[in-house]
Amino acid sequence: MDARVKNSLECIRRIAGARVLVVGDVMLDTYLACRALGVADEAPVPLLEIGGRTQAPGGAANVARNLARLGSHTTLVGLVGGDSPGETVRGLLRESGVDGSLLETHRPTTLKTRVLSGDHYYLRLDEEDLSPLTESEQAALAARIEARLSEADLLVVSDYDKGLLSPGLAERIERRAQEGGCRIVADLKPRNALAWRHLDLIAPNLGEARSLCAQLDSGGEPGDDVEAIAKTLTSRLGCAVVLKMGSQGMLIAPPSGSTSRLEALCRSPVEVSGAGDTVLATLAAALTAGADLHQSAWLANLAASISVSRPGTHAVSAAELKEAILQSASPS
Amino acid sequence: MLPSSLVSRFKDQCVLIAGDTHIDREVYGEVHRLAPEEPVPVLQITSRRAIPGGAANVARNISRLGGQAALYGFFEGDEASREILGELRAEGVQVLSAPPTAPFRLPERRRFFASNHQLIQILQRPAIDRYADSLTSLGEFAARLPNRPRTVVVYDQGYGLVTRALLDSVEALARDQGLKVVIDAHPEHVCRYPRADLFTFNANEIAAAAARLGASDCSLERAGQRVSERLGSDVLVTRGSRGMTLFPASGRPQTLPADPVPLADRAGAGDSVTAVLALGLSAGADLKSAAALANKAAATVVSKPGIATLNPEELLNLFHPQISSLLRESVAVKQRLITEQLPEIERVVRAIIQTYRDHKTVYAFGNGGSAADANHFITELVGRFRIERKGLPAFSFSTNEILMTSIANDYGYESTFTRQVDTFVKPGDLVAAFSTSGKSENVVRAIRLAGEKGATTVGFTGSSAGSFPDLCDLCIRVPSDNTPRIQESHLVVVHIICELLEKELALTDPREAPPVPARPSGQDPHGRTSQE
Numbered sequence: 091m092d093a094r095v096k097n098s099l100e101c102i103r104r105i106a107g108a109r110v111l112v113v114g115d116v117m118l119d120t121y122l123a124c125r126a127l128g129v130a131d132e133a134p135v136p137l138l139e140i141g142g143r144t145q146a147p148g149g150a151a152n153v154a155r156n157l158a159r160l161g162s163h164t165t166l167v168g169l170v171g172g173d174s175p176g177e178t179v180r181g182l183l184r185e186s187g188v189d190g191s192l193l194e195t196h197r198p199t200t201l202k203t204r205v206l207s208g209d210h211y212y213l214r215l216d217e218e219d220l221s222p223l224t225e226s227e228q229a230a231l232a233a234r235i236e237a238r239l240s241e242a243d244l245l246v247v248s249d250y251d252k253g254l255l256s257p258g259l260a261e262r263i264e265r266r267a268q269e270g271g272c273r274i275v276a277d278l279k280p281r282n283a284l285a286w287r288h289l290d291l292i293a294p295n296l297g298e299a300r301s302l303c304a305q306l307d308s309g310g311e312p313g314d315d316v317e318a319i320a321k322t323l324t325s326r327l328g329c330a331v332v333l334k335m336g337s338q339g340m341l342i343a344p345p346s347g348s349t350s351r352l353e354a355l356c357r358s359p360v361e362v363s364g365a366g367d368t369v370l371a372t373l374a375a376a377l378t379a380g381a382d383l384h385q386s387a388w389l390a391n392l393a394a395s396i397s398v399s400r401p402g403t404h405a406v407s408a409a410e411l412k413e414a415i416l417q418s419a420s421p422s
Numbered sequence: 061m062l063p064s065s066l067v068s069r070f071k072d073q074c075v076l077i078a079g080d081t082h083i084d085r086e087v088y089g090e091v092h093r094l095a096p097e098e099p100v101p102v103l104q105i106t107s108r109r110a111i112p113g114g115a116a117n118v119a120r121n122i123s124r125l126g127g128q129a130a131l132y133g134f135f136e137g138d139e140a141s142r143e144i145l146g147e148l149r150a151e152g153v154q155v156l157s158a159p160p161t162a163p164f165r166l167p168e169r170r171r172f173f174a175s176n177h178q179l180i181q182i183l184q185r186p187a188i189d190r191y192a193d194s195l196t197s198l199g200e201f202a203a204r205l206p207n208r209p210r211t212v213v214v215y216d217q218g219y220g221l222v223t224r225a226l227l228d229s230v231e232a233l234a235r236d237q238g239l240k241v242v243i244d245a246h247p248e249h250v251c252r253y254p255r256a257d258l259f260t261f262n263a264n265e266i267a268a269a270a271a272r273l274g275a276s277d278c279s280l281e282r283a284g285q286r287v288s289e290r291l292g293s294d295v296l297v298t299r300g301s302r303g304m305t306l307f308p309a310s311g312r313p314q315t316l317p318a319d320p321v322p323l324a325d326r327a328g329a330g331d332s333v334t335a336v337l338a339l340g341l342s343a344g345a346d347l348k349s350a351a352a353l354a355n356k357a358a359a360t361v362v363s364k365p366g367i368a369t370l371n372p373e374e375l376l377n378l379f380h381p382q383i384s385s386l387l388r389e390s391v392a393v394k395q396r397l398i399t400e401q402l403p404e405i406e407r408v409v410r411a412i413i414q415t416y417r418d419h420k421t422v423y424a425f426g427n428g429g430s431a432a433d434a435n436h437f438i439t440e441l442v443g444r445f446r447i448e449r450k451g452l453p454a455f456s457f458s459t460n461e462i463l464m465t466s467i468a469n470d471y472g473y474e475s476t477f478t479r480q481v482d483t484f485v486k487p488g489d490l491v492a493a494f495s496t497s498g499k500s501e502n503v504v505r506a507i508r509l510a511g512e513k514g515a516t517t518v519g520f521t522g523s524s525a526g527s528f529p530d531l532c533d534l535c536i537r538v539p540s541d542n543t544p545r546i547q548e549s550h551l552v553v554v555h556i557i558c559e560l561l562e563k564e565l566a567l568t569d570p571r572e573a574p575p576v577p578a579r580p581s582g583q584d585p586h587g588r589t590s591q592e
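If you're matching them up, the sequences are chains A and B in order. Residue numbers are given in the numbering used here: position 90 of the first sequence equals residue 180, and the series is strictly consecutive. Residue numbers are given in the numbering used here: position 321 of the second sequence equals residue 381, and the series is strictly consecutive.
Hints were generated in silico from the structure; no laboratory data involved. Misleading hints may appear alongside valid ones.
[Unchecked claim] Over the 12 angstroms line for every Cβ pair with chain B, so calculated as not near, a few chain A residues: (1) Lys-96; (2) Ile-140; (3) Lys-202; (4) Gly-339; (5) Leu-416.
[As the list claims (entries may be wrong)] Going by beta-carbon spacing under 10 angstroms, a handful of chain A positions derived as facing chain B: (6) Cys-124; (7) Leu-127; (8) Gly-128; (9) Ala-130; (10) Glu-132; (11) Pro-134; (12) Val-135; (13) Leu-137; (14) Arg-204; (15) Tyr-211; (16) Leu-215; (17) Asp-216; (18) Glu-217.
C-beta: ideal position from N, C-alpha, C; glycine also.
With the rest of the complex left out, here is chain A:
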């Protein structure tokens, strides 16, 4: 057994000892599996019939689910509405083994519904209320995060720009994390990213990275050189960057030093939604288990290849990842 495989398996074992706090935008993902009946009688639009409905935790809740599947002791702080989707999210998190600390606010639970028929994806329906939180809601949220942060080895921030993470809250979280020596791994929407100054690792996709670069270079359009983009981000933000490039694999840029690449391992992805959450969760879990940046990224890349080869939003388990590690070593 080569050293990398041994190290990686050891790393997966150690994940189970670590405590991770996830803070971010919680959603409920719904998949409507439909049968196409034909064209509607009164308008030339497709007429579908719902055959089945599956629901999964989405956004930060999916990151938390991924972490729990990998074996981390995972706590999630986020928002839901006092509605039945909120109850569904709580139930799904319980089933996944996530310690959900969800605050009920005046806003209904954020919903993403995908309408599918067989492999064909028709439409996505988004329902969200982006009105600002009240002062008492904000105070309750901050108190809850701070209380949980003191128990965590690592903080994962999963931001979908739904208004949870205000700049003020970001500053407060970072201060408390630094005091406790808690590292921060983040997926941030570009327009909120600059509120954070003490991150350890970010994992943007290429589009987000470009847009973030453009902001940092005060409007200058970044070129096609992905290494230059990654370098800009590491030097300006002072953190490591794992750049997710879909079928082009990943680019790994430490805060200083040279970049390296990992090739995408799955040639024919089935379902890419949720793969980003898997990458973020695996990076975070591996870091808590003592892996370095390159090893964490290697595991994340492997986990991504498993996630995209499964239908639906798939959370990769520790066992699946172990099996993939072993297979990666076997000559094929």
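Given chain A, put chain B in place with the hints provided.
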């Protein structure tokens, strides 16, 4: 009988509706981007609307058309059922729910719109598809209704409420109580229906029903005939923009073309058709008249966005479009009078009151229709308007044809009124001139002279007004160029003036207006005699 005369009888009709109800959900949103995971539109939902669907929508249509609807359906404690029942109660529909035999969820049809563009429809069928075969309480429900229903509508979407037992109850109602039966049919059940007064299908459904009877891939004509033969009943097929075709149980099919209208949304139009047919048949119409009425109704409903209904007034307007449009035009002019002329009308009232307080006289004149308006005004003053009182001194220069023809003959037509103004009008009198254009030479000359003689001058004219605004102290300008619309409005203004000044004089000057004697009830409010 005019089809429209049926409409006025809708309010006396009660229709019983039994069958499948669903909830129609319209979901509106905006599309600004494609999903990152796959290139499909992301519909950002902004609003939703829930509407009773199927049998409940027929009930809602009947209620909105002025009839009474009694709905026999299947509602359990689920959220959608509660929404529907709330909605129906608000519409005044009476509802009886059949007892469910298993956990139940009302079927749903969701329609998704980006702005007003429909993207997709998603159905959710009921959780169960078999209902109790003991739905025999329909007859009791019918007996309990305050108004005896004359028609029963069976609404079959294939969701399971239309069972053998239900159809037996319907047959019994038809046989024992003479109810007419209209069946909004489901193609797959074409073999199980009893005879009925009318079956309705849409174009897709009639093809499917004919296929079920072994006649697949045939023309709509053939399909309709085949189905109507088999059912032994009249069949009506709704055909969207092609109108509708009636297949009588015996006789030749007949197509009623659709009125060309801009299409907004066809959803729910079939339910409106069924509602009008049921009300029409209840009101005693023959099938063809009821169908003609329903065809017009469908054209109106499809020109409205969303799942729409219509009211009796809209239906009547369709049959008498010119009358309706002229009445609307007249109303519109009066509406503009409200926004533009209220202060001026008030000033005229004040001026006339002052004239009478000063013990002076009011004179009026005009040509033709305007002469009639002038005379009408004078009559209300010398006679009475609504309150018993002494006559007010007033005189029309347009009444005496002997005098007018004599002046015209000797001095020319332009002098017909100047001669009279010159003879009668004293300083402090009030002179009202009526001319829709403000340009009638004899009127213009006379009002100028009246001003010169120290009278208060009031013009009644239209929007063009001619030289009236310059010549008259006060000027009522009806905001229209259309002579009949202006004259009608002049009459309205005259009535308003008389009403106001009569009240004012009665309140402030008991000598002018003695106490009002009680008038026998039922008398014309003008208290007029037959010579008017």
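Contradicted hints - numbers only: Those not satisfied are hints 2, 3.
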